[in-house]
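Asker: Convert by adding 149 to the 1-based position in the sequence shown; the result is the number in our numbering.
I should point out that these hints are in silico values taken from the structure, not numbers from a laboratory.
Taking lysine-lysine and the DSSO-like style, the derived pairs with C-alpha atoms no more than 30 Å apart in a straight line are:
| id | residue 1 | residue 2 |
| --- | --- | --- |
| 1 | Lys219 | Lys274 |
| 2 | Lys371 | Lys288 |
| 3 | Lys215 | Lys347 |
| 4 | Lys215 | Lys274 |
| 5 | Lys468 | Lys258 |
| 6 | Lys413 | Lys209 |
| 7 | Lys413 | Lys347 |
| 8 | Lys233 | Lys274 |
| 9 | Lys496 | Lys479 |
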Amino acid sequence: MNRKSGAVGMFNILTNHKPEEFNLEAFWKLESLGVVDVEPEDENIDFMNMYQKTSVEFRKNRYVAKLPWKQDHETLPTNYVITKQRTHNVVKRLSQDPNMLQTYDKIIKDQERRGFIERVEDPDKAIGQVHYIPHHPVKKDSTTTPIRIVYDCSCRQSRQLPSLNDCLLSTPPILNDLTTLLVRFRLNPVAIVTDIEKAFLHVGLHEEDRDVTRFLWLSDPKDPRSHLTTYRFKSVLFGATCSPFILNAVLLKHLQKEGSQTAKILERDLYVDNILSSVIDENEALNYFTEARQLMLKAGFNLRSWTSNNEQLRQQAAKEDVLDTDKQTKILGMRWNVENDELTYAKRTIVPAQGDENSITK
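Please construct the entire structure, taking both the sequences and the accompanying hints into account.
Answerer: Structure (structure tokens):
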């Protein structure tokens, strides 16, 4: 108020008062991280149970699964023309480095030898739908495998036509809570880490779905101009939107069917294809190592890259040629030094782009 003129200025202050009960609820939710189990959605559990009963079966020492198709999905095009063109582009790029081209070919030949893929002797014959998937190399931070092959299941022949991923359900897998996993991993004196070797490829793909996973590759890798051979997957490929769900459904079905104490620990400590556990002492650790390996081998899964802060377990893993010899083991985005038993994050330096010192960002 201005005393001389008598004018009055008015303004409003709006405040948002949150109830104390809400603040306390939020506080206790934070306090319970890693202590209280996070329950999955009921509808996800129901769909998982239905899928396991109708689309997953065990035969010849491995699980075989069907793709979870959307109801009334659009007609899936063959994608042959665009896949052929992109395959030629990949060959042209890889031909600039003959060693890389041979490495790429060896990966495909190894997958064929191990029964993950197969040649299509007569491409004109098919059980059901036919669809071709382009692929390309991605460099890996690995001394043993410098590249890996990525299959583009989101490739569209045109904007108006669907991709394979567009026709498949992307139901989320039922995963354990990350915070709970990490807390439990540090709970007991002996910590253990392992993972499932090529987990997706060890789940068989049902025969009626194989022809939608066709791809093309050189008949003669020494001649980049040789004709293209047609392959298709016999296993679940990494790249389909539903692949994590399928793997999760198979692993849970196997572990719940086994029902032993070790199976319950594996189910509790599983995250996609990684397993983080901790046990009371060395004897329990060695028993867990033996029983877990045998249990997973029943379904055709090999537990490899074992490591632990316990020397005896590392020696046993080395004897069976499944030891992770790297002293800095990667676990869920962190690095674990098994000798010092320390968890750290890899430091990355952010280098500003030249001339962008005064750039404006959102």
